[in-house]
Amino acid sequence: MKIGILGGGQLGRMFIQNALNYDDEFCVLDPQKDCSCAHISHFTLGSFNNYDDVLAFGQDKDVISIEIEHVNVDALFELEKLGKKVIPSAEIIKTIQQKILQKEFYKKHNIPSPDFEIFDGTSEEIKIDFPFVQKLNTGGYDGKGVQIIRNAEDLKNLWVQDSVLENLVEIDKELSIIIAKNENGETKTFPVTEMVADEKLNLLDFNICPAEISSTVQSQIDEIAEKFINAANSAGLFAIELFLDKNGKVWVNETAPRLHNSGHQTQEGNANSQFEQFFRVLKNVPLADTDAFGFSGMLNLVGEENYTGKVKYEGLEDVLKLPKTYVHLYGKTETKPGRKMGHINVLANSREELLEKLNHIKTLVKVIS
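Sequence positions in the sequence shown follow the working numbering and run 28 to 396.
One thing to keep in mind: the hints can contain errors.
[Stated by the list, open to error] With a straight-line cut-off of 25 Å between C-alpha atoms, the simulated DSS-like cross-links for lysine-lysine are: (1) 200 to 276; (2) 389 to 88; (3) 254 to 135.
[Claimed, not checked] Just the calculated beta-carbon pair ranges, DEER-fashion: (4) 342 to 197: 23 to 29 Å; (5) 339 to 58: 24 to 30 Å; (6) 386 to 184: 30 to 36 Å; (7) 339 to 87: 14 to 20 Å; (8) 142 to 170: 18 to 24 Å.
I should point out that these hints are in silico values taken from the structure, not numbers from a laboratory.
Virtual Cβ for every residue (Gly too), placed ideally from N, Cα, C.
Full structure from sequences and hints, please.
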C-alpha cells in the first residue's frame with residue numbers, strides 16, 4: 028500500500044521506523060524540509076493546512092492519515108468523496124480539532140467531561156463559576172492555548188477568541204488510555220497510563236504504566252473508551268486523556284485522533300507498540316497484542332531553558348550505560364526551550380524502581396546547544 032501521512036514530526040518518524048518492518052510505501056507531507064520524517068519517507072514539501080496541498084498529496088495514496096490533527100479537513104472530506112480512504116475519518120478529525128465541537132460530542136454521547144460554556148470572545152456575561160479553564164477552540168497543543176482563570180481579577184487575561192470555558196477539576200491523577208479500531212470493527216486498548224506533567228512547561232514529563240488505580244476507576248475508563256469508540260464511528264487510533272478527581276470520578280480532558288506522547292513507553296514496555304497498532308489499523312489487518320511487560324515508563328527529552336541552536340545531548344553516554352533503558356531521538360538538529368527532542372523509555376520490576384530510575388535519568392541528561 029501507498030500510505031500518506033499529513034505531518035512529518037516525531038510521531039510520524041516513529042510510525043515509519045516501526046512500519047519499515049513491512050513492505051509498504053510511506054509518504055509524508057510537511058512544510059519543513061528538515062522535519063523528523065524527511066529522510067526516511069517519500070517526502071513532499073507542502074502545508075498540511077493548505078487545501079490544495081493536501082488534496083494533491085492524497086490523490087495517489089491508498090490511505091491517508093495524520094500525525095497531527097491541525098490539518099485541512101475540507102481537503103480530507105473531498106478526498107473521501109473521491110473514494111480515498113481517510114483514517115480516522117474527516118468527520119471525527121473535524122470534531123476533535125475544534126474544542127467546542129469536541130465538548131458537544133462528549134455531551135451528546137454521555138461521555139463524562141467537565142461542565143462547560145462556549146465563549147465567542149464578545150459576550151460580557153460569563154455564567155461559569157470560578158475557577159475555570161479557558162481552552163481556545165482551535166490551534167492549541169502541548170499546553171498552549173489553555174489557561175486557568177481563578178478569579179474576577181484574572182478575567183483581564185481572558186483571550187478574546189472563540190473558546191471553551193470549562194469547570195476546573197480538582198485532579199488526583201492524569202491518566203490516558205489508547206484505543207484502536209480497524210475497519211473490520213476489531214478494537215484493542217493499551218493498559219491505562221499515568222501521566223506526570225512538568226508544571227513549569229505544562230508538558231508531559233513522565234509516563235508510568237500501569238497506572239496505580241482501583242478496579243472502580245478502571246471500570247469507569249473502560250466504559251468511557253467503549254462509548255467513545257462507538258460514537259466516533261471510525262477506524263483509527265485514539266488517545267483519550269483523562270482526569271481522576273479527588274472523589275474517584277473519571278473525566279475526559281480531551282482526545283487525540285492519532286499517536287500520542289502517552290503511548291511512547293509501549294515501544295519496549297508492551298508486546299507491541301502504539302506504532303505497530305497504528306500500522307495495523309491503516310492496513311486493516313488483525314490488531315496487535317497489547318500486553319504489558321511489568322512496569323514501564325518514559326521521560327521526555329525537551330530543550331533546556333536559555334539554549335537555542337544546534338542540539339547537544341549532555342549526559343547521554345551515562346544514560347546508555349543503564350540496563351533496560353532505551354533512547355529515542357527525533358532527528359531534530361535545532362533545539363529551543365521546551366521543544367520535544369526525544370524520549371527515554373525504562374523497564375522495571377516495580378513502580379518504586381521505575382520512578383527511581385526515571386528521576387535518576389532526569390538528573391543525568393540535559394538537552395542543550
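Hints, one by one, checked against the model:
A hinted pair counts as satisfied when its Cα atoms are at most 25 Å apart, and residue 200 with residue 276 qualifies at roughly 11 Å. The straight-line distance between the Cα atoms of residue 389 and residue 88 is roughly 42 Å, outside the 25 Å bound, and the hint therefore fails. Taking the CA atoms of residue 254 and residue 135, the gap is about 11 Å. The hint holds against a cut of 25 Å. Look at residue 342 against residue 197: about 37 Å separates their beta carbons, and that is not inside 23 to 29 Å.
The hinted window of 24 to 30 Å between residue 339 and residue 58 holds, with their beta carbons roughly 26 Å apart. Hint check: residue 386 to residue 184, Cβ distance near 34 Å, so the stated range 30 to 36 Å holds. Here the CB-CB span from residue 339 to residue 87 is close to 40 Å, at odds with the stated 14 to 20 Å. Distance hint check for residue 142 and residue 170: the Cβ-Cβ separation is about 22 Å, which falls inside the suggested range of 18 to 24 Å.
Violated hints for the displayed structure, listed by number in ascending order: 2, 4, 7.
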